[in-house]
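A.B. asks: Please build the complete structure, drawing on both the sequences and the hints.
Below, each chain spelled out in residue letters.
2 protein chains.
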Amino acid sequence: MKISFIGSGNVATHLALAFQKTGHSVLSVYSKNYQHAVRFCKKIKRCCPVRKISELNPTSEIIFICVTDREVEKIVSREFISKKVALVHTSGSMSLDVFSEIPNPCGVFYPLQTFTKNIPVDFSNVPVLLESKNRELLKKLKALSKSIGASGTVVNSQKRAWIHLSAVFASNFTNHLLSIAEKILKNNKLNFKLLHPLIMETFQKALRVGPEKAQTGPAKRGDSKIIKQHLKLLKTEPRVRLLYERLTGSIVDFKDKG
Amino acid sequence: MKISFIGSGNVATHLALAFQKTGHSVLSVYSKNYQHAVRFCKKIKRCCPVRKISELNPTSEIIFICVTDREVEKIVSREFISKKVALVHTSGSMSLDVFSEIPNPCGVFYPLQTFTKNIPVDFSNVPVLLESKNRELLKKLKALSKSIGASGTVVNSQKRAWIHLSAVFASNFTNHLLSIAEKILKNNKLNFKLLHPLIMETFQKALRVGPEKAQTGPAKRGDSKIIKQHLKLLKTEPRVRLLYERLTGSIVDFKDKG
Numbered sequence: 003m004k005i006s007f008i009g010s011g012n013v014a015t016h017l018a019l020a021f022q023k024t025g026h027s028v029l030s031v032y033s034k035n036y037q038h039a040v041r042f043c044k045k046i047k048r049c050c051p052v053r054k055i056s057e058l059n060p061t062s063e064i065i066f067i068c069v070t071d072r073e074v075e076k077i078v079s080r081e082f083i084s085k086k087v088a089l090v091h092t093s094g095s096m097s098l099d100v101f102s103e104i105p106n107p108c109g110v111f112y113p114l115q116t117f118t119k120n121i122p123v124d125f126s127n128v129p130v131l132l133e134s135k136n137r138e139l140l141k142k143l144k145a146l147s148k149s150i151g152a153s154g155t156v157v158n159s160q161k162r163a164w165i166h167l168s169a170v171f172a173s174n175f176t177n178h179l180l181s182i183a184e185k186i187l188k189n190n191k192l193n194f195k196l197l198h199p200l201i202m203e204t205f206q207k208a209l210r211v212g213p214e215k216a217q218t219g220p221a222k223r224g225d226s227k228i229i230k231q232h233l234k235l236l237k238t239e240p241r242v243r244l245l246y247e248r249l250t251g252s253i254v255d256f257k258d259k260g
Numbered sequence: 003m004k005i006s007f008i009g010s011g012n013v014a015t016h017l018a019l020a021f022q023k024t025g026h027s028v029l030s031v032y033s034k035n036y037q038h039a040v041r042f043c044k045k046i047k048r049c050c051p052v053r054k055i056s057e058l059n060p061t062s063e064i065i066f067i068c069v070t071d072r073e074v075e076k077i078v079s080r081e082f083i084s085k086k087v088a089l090v091h092t093s094g095s096m097s098l099d100v101f102s103e104i105p106n107p108c109g110v111f112y113p114l115q116t117f118t119k120n121i122p123v124d125f126s127n128v129p130v131l132l133e134s135k136n137r138e139l140l141k142k143l144k145a146l147s148k149s150i151g152a153s154g155t156v157v158n159s160q161k162r163a164w165i166h167l168s169a170v171f172a173s174n175f176t177n178h179l180l181s182i183a184e185k186i187l188k189n190n191k192l193n194f195k196l197l198h199p200l201i202m203e204t205f206q207k208a209l210r211v212g213p214e215k216a217q218t219g220p221a222k223r224g225d226s227k228i229i230k231q232h233l234k235l236l237k238t239e240p241r242v243r244l245l246y247e248r249l250t251g252s253i254v255d256f257k258d259k260g
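In the order they appear, the protein sequences are chains B and R. Take 3 as the starting number for the first sequence in the working numbering and just add one per residue. Take 3 as the starting number for the second sequence in the working numbering and just add one per residue.
Bear in mind the hints are in silico, worked out from the structure with no lab data behind them.
Copies of the same chain look alike in the list, so a pair counts if it fits in one copy or across any two.
The list that follows gives simulated cross-link-like pairs (lysine-lysine, DSS-like), each with its CA atoms no further than 25 Å apart:
hint, residue 1, residue 2
1, K222, K185
2, K161, K234
3, K215, K259
4, K207, K191
5, K86, K54
6, K191, K148
7, K191, K144
C.D. replies: What follows is the structure, encoded as structure tokens:
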């Protein structure tokens, strides 16, 4: 398939690498910052950087829009793109409706994974959430995700929004709690590595038996003495303290309501 | 070494199995519920269940107290145990001072890991936090942790309390967020397995590059539109909504303050 990109960040780069590796042609790329497009093309051979969206290679079958949600809206409302080419965004939270005013075949190709710069992604394990009202495009998107080894799942915008919300809890928020744990240790001149085995086992156990069944700890046991001790330790950190209280309350609530 | 146990739950069982496997003698066990002590002895061969703490084998060198914090205090204040035998608790949050009124050699042997019933523990990867004012006992505790392959680290009660607090954030609270993610998906008839690859990569990345560096997401980016959309989705779940707001605020705060 012939593909071009709008956006040259992590998602665009990892997708382009995967597409090219499996025989697709990544023809051209536009970025707000031209130098970023040039840098992108150093990784994606035979891809041309362009200075305007209208200069993207006209033989492209699909243009992947890999930019922030706000920019997707701007691009869709202001830029003219030949109505033959399919437009696909890669956002977890943005509805397909963002394309409702334009005549192109439109779709969503949302890889449910966190990407890191310069660390290769193994798509064979990534669920890609697909959506399109255009049957032919949906077929193409399924084939594309299959070709890079990802498991494509068709879900509508509403379900995708819920999945994205759950992903924020499961990924961004859990990661933040790990940052807090790290900070608590650092403040006491202790090494975060002490917690590595516990963190590994926590996540693996949650995936093995399910997180609800895996829950342990003072909040789950209703051990008010330890909870009070922890709140006392946190008296100089009011925000972290509030978070501790809120999470403890939520675990108790979860336990009671099931 | 000759060891007895007070308490027959997860921690006692996993420690006893590891001790016995590496050539130590687990002589006797007391549990509030005698049947639990009997059940424990089905797993730990040649160990005798007893009905009273005073009946624990008098040749034991160390008694491991593996019960809730509140019960440790009760046992220490009310039970008579020959002052020759060393007493060791396995709690993350309880100070060594709990033993201050008794003449026995006393210590702490806290395995920083989450244990699951019937799932064997590989101690070669578990940090065990050790404490004792008695040099000879501390030496024995180091040897014990080494013998089961664990890495023993000597820390005082204050540091151990901070480590335990950080562990609650890194394990209990992260696990709870995974439960919320699972519930959000279930409520929308979606399978939690969709999130497995994301969860795996999230914690592996946090351990690889550090959680602060790994942080992504709408809160980190300051994407107020997505945050508003998520809060709207959560309007019928006020507790989870508050938690979302609190965690988002905390990520923003972390970003600003560093």
